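Novice: Sequence:
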Amino acid sequence: MSIVEKNMDQVTDTAITDSTMDINVLYFAGLADEANCNEEKITVAQSTSLTELYEQLRGKHRFSRPHSQLRVAVNDYFVKWTDAIYDGDNVVFITPVAGG
11 MSIVEKNMDQ
21 VTDTAITDST
31 MDINVLYFAG
41 LADEANCNEE
51 KITVAQSTSL
61 TELYEQLRGK
71 HRFSRPHSQL
81 RVAVNDYFVK
91 WTDAIYDGDN
101 VVFITPVAGG
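For the working numbering, add 10 to where a residue sits in the sequence shown, where the first one is 1.
I should point out that these hints are in silico values taken from the structure, not numbers from a laboratory.
All values reported here derive from a predicted model rather than from experimental measurement.
The reader is advised that the hints may include incorrect statements.
[What the hints assert, rightly or not] Dumping the calculated DSSO-like pairs for lysine-lysine here, alpha-carbon to alpha-carbon at most 27 Å:
hint, residue 1, residue 2
1, Lys90, Lys70
2, Lys70, Lys51
3, Lys90, Lys51
[As the list claims (entries may be wrong)] Listed next, with one range per pair, are the computed distances between beta-carbon atoms:
hint, residue 1, residue 2, range
4, Asp93, Asn46, 25 to 31 Å
5, Val107, Ser29, 34 to 40 Å
6, Gly40, Ala94, 25 to 31 Å
7, Asn46, Gln79, 18 to 24 Å
Glycine included, every Cβ here is placed at the ideal spot set by N, Cα and C.
Using the sequences and the hints given, assemble the complete structure.
Specialist: This is the structure in structure tokens:
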């Protein structure tokens with residue numbers, strides 16, 4: 011392999027890495043039951059919104075609730091569904107809870 015080919019491989023690998031982000035998703039209550047796990051790491055495009063992330067996961071795990079029935083938290087803080095997410099973020103989708 012020539013130096014030019016090797017450098018092009020490195021550029022391609024960097025471009026793929028730069029265009030994606032790893033998100034850690036935590037599940038609780040009914041979502042954990044439906045996902046059959048409490049946590050998973052997901053690699054998504056950098057432009058992915060919280061709504062898009064949830065819809066991808068909803069398709070994968072067949073979640074019964076639409077995002078409109080959930081709250082969302084990023085890095086331990088409640089956020090709006092329109093807020094951005096970044097590489098390395100921890101995302102939690104929270105189902106309604108009854109209190110007493």
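Novice: Indicate, hint by hint, whether the structure satisfies it.
Specialist: Evaluation of the provided hints:
1. Lys90 x Lys70: 23 Å, holds
2. Lys70 x Lys51: It holds: about 13 Å lies between the C-alpha atoms, which stays within 27 Å.
3. Lys90 x Lys51: 21 Å, holds
4. Asp93 x Asn46: 25 to 31 Å: Since the Cβ atoms of aspartate 93 and asparagine 46 sit about 28 Å apart, the hinted range of 25 to 31 Å holds.
5. Val107 x Ser29: 34 to 40 Å: 37 Å, holds
6. Gly40 x Ala94: 25 to 31 Å: Given a distance of about 27 Å, which is inside 25 to 31 Å, the answer is holds.
7. Asn46 x Gln79: 18 to 24 Å: 20 Å, holds
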